[in-house]
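Novice: Here are the chains, one letter per residue:
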Amino acid sequence: MSETYIARSQAIASRLLGNEMMVMSVIDSTFFSLNEAATLIWESADGCTELMDIVEQKICPTFQVDPETALHDALQFVRQLSQHDILKVSSRPLNEAASVKIPA
Amino acid sequence: MTLIDDMSLRALHLGIPFSAHVDVTYRCNERCIHCYLDHDDHGEMTTAEIKDVLRQLAEAGSFFLTFSGGEVFLRRDFFELLEYARSLMFNVRIKTNGIMIRDGEAERLLQLGIEQVQISVYSHRAEIHDAITKVPGSFKRTIEAIRFLKSKGLRVLIANILMTANIGDQNGVHRLARELEVAYAVDPTITPMMDGNTSILNLRIGGGDLETVLHDESLVDDVDEYCAAPERPDDTPERIPCGAGHTLIYISPYGDVYPCVQFPMPSGNVRRQQLIDIWRHSPQLNDLRSIRVKDLPVCSSCSHAASCSRCPGLAYMEGSMRGPSTADCEKSFYRTGVRSENMIRRGLKVPQRPLVQIQAAL
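Protein chains in written order, with the numbering used here: chain E, 1 to 104; chain W, 1 to 362.
A portion of the hints provided could be inaccurate.
Stated by the list, open to error - Dumping the calculated DSSO-like pairs for lysine-lysine here, alpha-carbon to alpha-carbon at most 27 angstroms:
# : chain 1 : residue 1 : chain 2 : residue 2
1 : E       : 88        : E       : 58
2 : W       : 152       : W       : 140
3 : W       : 134       : W       : 150
4 : W       : 150       : W       : 140
5 : W       : 152       : E       : 88
6 : W       : 150       : E       : 88
Hints were generated in silico from the structure; no laboratory data involved. In this text, all values refer to a predicted model and were calculated from it rather than measured experimentally.
Full structure from sequences and hints, please.
Specialist: Shown next, in the form of structure tokens:
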């Protein structure tokens, strides 16, 4: 499987409310509330850290979940947000990006 | 309950000023006959001061940010403020008359990711709109602005304030909004001037017109439900009357903090105190937060208690934030045909205008 890099879009508004992140697309006003795990991925979406590294280094130790399950869930989350242009996804670090289609 | 409602409720429980309204100036390039503001500059916050307020709002957890005035584009630093607000990841909405928005401004608003631009339109006829704004040509400029914004793909809302001078044009403005493919909102609320002058309340529309608006099927999803006789859920007495001061905060161009833009109860000033200290420790805000529906001497026993749009800010301007807002009694009456407790106690069969007696002012 190819590497996956993710970066937060600029066309969003976001704020941490308690321990969950609110994210709203300013393009279509779609509103998301991210749970703690998704918030951790969101905050790590810097465009240059590979998704698998985020999962292994942040999600697995924090939530005591195996990497395979965590990556599966992370890809699902990334797919959902990228459909609303809230997350940008690439097979390379995002300043040299080429878009990648997340497997269904 | 929508997700945003759920988040608002969470913000309420966490004590977060979820929605902030910041007026960056009271200066204006229109002179609307119903406006409550003093347009002279009495010492507006500087760019640095407003940026600091925005930073503090972001730290406090505010998510929705509305910039308004006065006319926001009269501030030469307005785009700088917008840019800073967006860098803090606020969901930003703007209220403007649109006169100063041309193609370049619209493009910049798009690039900055502004969620919505609300523009006041008073009539579909230029002569009526211009007579209300007292600026010849303002209708043309405002409609051009809406077209510029729409051409960029920005979301626009036409706000139509109803008053005696334009009540006959409500359907025309609604049609215009549909032609322009923008959202439309109507508001019959006229508030007293900041100095306590109530003369503009004479512009409030009469009961018959209010009844027509409140029963307009094109404005209300389900008229039968909306206008049904009031019912009272069991939890009404324990409810908070309004979000003002709970999840809403208003900051004036001079740094004064209030519970809401329509609630002129001075609660602190960000030039002298940190915003979070005002929010958490202001005696006025904490007094307001202690109020539940059961604590309202008249309204707690009113049959409209659960469904009334009672504005505690208008009640405050009538004399007590725990008292009735007679303008809202009038709305409840014309919506349902059922008199409010306030009207019964005052022996009012049909509301008389003007209903608001001002005892407090900014």
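Novice: Now look at each hint and say whether the structure bears it out.
Specialist: Verification of the supplied hints:
1. 88/E with 58/E: holds (20 angstroms)
2. 152/W with 140/W: holds (19 angstroms)
3. 134/W with 150/W: It holds: about 26 angstroms lies between the C-alpha atoms, which stays within 27 angstroms.
4. 150/W with 140/W: holds (15 angstroms)
5. 152/W with 88/E: At roughly 22 angstroms apart (the allowed maximum being 27 angstroms), residue 88/E and residue 152/W satisfy the hint.
6. 150/W with 88/E: Holds, at about 26 angstroms.
When each numbered hint is compared with the structure, no violation occurs for any of them.
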